[in-house]
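**Q** Those protein sequence lines, which keep their order, are chains Z and G.
Sequential numbering of the first sequence, starting at 1, is according to the numbering used here.
Sequential numbering of the second sequence, starting at 264, is according to the numbering used here.
Just to be clear, a hint being listed does not mean it is correct.
Unchecked claim - Derived pair list, reagent style EDC-like, types lysine to aspartate or glutamate, alpha-carbon separation capped at 16 Å:
1. 302/G with 213/Z
2. 199/Z with 522/G
3. 200/Z with 522/G
Stated by the list, open to error - Stretch by stretch, here's where chain Z covers chain G in the computed footprint (C-beta under 8 Å, at least three residues):
4. 381-394
5. 515-524
Everything labelled a hint here was simulated from the structure, so no lab data went into it.
Keep in mind that this is a model prediction, so the values were computed, not measured.
From the three backbone atoms N, C-alpha and C, an ideal C-beta is built for every residue, glycine too.
Residues per chain are reported as follows:
Protein chains: 2
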Amino acid sequence: MSARKGPKMLSKNQIKFANSLKQKKEREALRLFVIEGSKMVKEALASSLKIKHLFATPDFIRQNDLEHYPVIQEVTVAELERITSLMTPNEALAICEMPSYQLVASELKNKLSLVLDDIKDPGNLGTIIRIADWYGIEHIICSEQTVDVYNSKVVQSTMGSVCRIKVHYTDLALFLANNRQNEKIPVFGALLEGENIYKKTLSSEGLIIIGNESKGIRETLIPMIDQKIHIPTFSHFKQSGEEAESLNAAIATAIICSEFRRG
Amino acid sequence: MSARKGPKMLSKNQIKFANSLKQKKEREALRLFVIEGSKMVKEALASSLKIKHLFATPDFIRQNDLEHYPVIQEVTVAELERITSLMTPNEALAICEMPSYQLVASELKNKLSLVLDDIKDPGNLGTIIRIADWYGIEHIICSEQTVDVYNSKVVQSTMGSVCRIKVHYTDLALFLANNRQNEKIPVFGALLEGENIYKKTLSSEGLIIIGNESKGIRETLIPMIDQKIHIPTFSHFKQSGEEAESLNAAIATAIICSEFRRG
């Protein structure tokens with residue numbers, strides 16, 4: 001009957017701790033990140049992610065049978081608001097361990113993977129992870145300057161796919177040079193001057209490079225591309241001149257993945 | 264030599280006027296909207312849009328030979344900041360007349376058009392307009408509850424495509440009922456239980472309905488759909504159960520337009 005008592009309050013330290021994870025430096029030091037919102041937390045619970053702390057409202061706990069979940073702490077919506085990154089009201093927030101995926105090049109054989117060269121916009125990275133999940137792409141290999149996958153905006157815009165897709169950060173020049181020496185997985189690059197993707201026979205094995213939102217794929221990686229591909233425009237305006245245009249990076253990724261998978 | 268004098272100051276009334284256009288009510292009353300940012304304003308200048316006022320920095324004016332442009336007013340970056348909706352520094356802002364496109368159903372014959380049922384997110388609408396532009400789709404017919412195309416976030420995320428694509432707002436039930444009676448353009452709807460889009464022969468004439476981000480296409484419009492289509496997932500996770508998932512509305516639109524156009 002005393003709904004506002006003890007168990008529903010977050011301690012000052014808990015608040016400080018949860019909010020510290022909004023910073024990349026803290027996330028990396030502790031190897032922890034935040035997943036929040038009802039749908040997302042449900043996906044985290046159903047995934048192989050290890051949840052270290054789970055803060056949830058009484059309703060969320062009841063609806064998801066979490067009364068006996070080991071790291072559960074019942075909180076009010078008002079308490080959740082003190083640690084959230086979301087704009088809208090919220091029911092649950094989980095602090096998860098960063099999974100430590102190994103990037104083993106031989107595991108990329110006979111499958112499609114995405115390679116992201118400095119994707120900077122959190123919404124774009126989140127959307128690309130969601131697209132990868134939809135199209136059964138298990139691995140995304142990012143340049144070291146790509147936005148952090150555990151940034152709250154990225155996590156949020158994956159709509160849960162961050163729980164399933166393996167995102168790696170590495171030196172792309174080195175990674176692609178090693179691939180050329182060893183695994184020899186064909187490398188595709190999305191470029192303005194590539195071959196018409198609709199007319200090309202595409203393989204079910206490949207590393208598909210997507211470039212930065214404004215600069216595209218960096219010069220030094222271009223020689224690593226075996227097959228340059230391009231999504232042609234059907235616009236009268238664009239064909240009749242004006243400056244060269246491109247699609248948004250996430251949109252281009254969606255269309256490319258669709259083409260590779262449609263068979 | 265006196266760079267900070269008279270011509271570079273905006274009057275209080277100008278500031279009030281430009282800022283009032285951040286509100287839909289004011290935009291509709293005056294039939295005006297704002298396009299800003301260097302790239303966007305260049306696209307507006309190259310388009311058929313009528314520009315009523317153009318505020319730009321000396322550099323922008325010089326680079327684009329606008330010294331004698333009829334409605335030009337030279338301003339400093341600091342002055343532009345008083346009327347901008349953008350977060351980052353800016354060089355030009357144009358106040359444009361809303362074009363008055365007539366929705367003439369017979370003009371939609373023998374071509375593809377998009378029909379948006381309550382798209383609410385400004386970024387999604389902007390991205391969909393950009394996709395339409397890329398795929399040579401001239402008309403977008405929106406439900407009356409779809410977010411306003413002249414909202415600054417929508418305009419911005421079109422990356423200039425708002426200058427070319429004709430966006431209409433109308434009662435979709437009425438519009439589709441009339442189409443069934445008269446033009447009989449085939450109506451496609453993106454639905455979870457539709458036919459696999461990759462296995463279907465698609466036409467070069469059609470109205471393609473895209474549903475709301477969370478609710479999909481409203482119940483009452485479903486009977487108006489002639490052909491239900493669906494983008495299948497290639498995910499092991501999704502196929503093995505869990506709740507029904509869907510792609511983001513703009514991503515789905517991109518993949519659908521790509522499939523219709525690839526031939």
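**Q** For each hint, tell me whether it holds in the structure or not.
**A** Results of checking the hints against the structure:
For the proposed pair residue 302/G and residue 213/Z, the alpha carbon gap of about 15 Å is at most 16 Å, so the pair holds. Distance check on the hinted pair: residue 199/Z and residue 522/G sit about 13 Å apart at the alpha-carbon level, within 16 Å; holds. Restraint check for residue 200/Z and residue 522/G: the C-alpha separation of about 15 Å stays at or below 16 Å, so the hint holds. Coverage of the region 381-394 of chain G by chain Z holds [criterion: at least 3 residues with CB-CB distance below 8 Å; count 4].
As drawn, the region 515-524 of chain G meets chain Z at 5 residues by the rule of a beta-carbon pair under 8 Å; at three or more, the given contact holds.
In summary, this structure violates none of the numbered hints.
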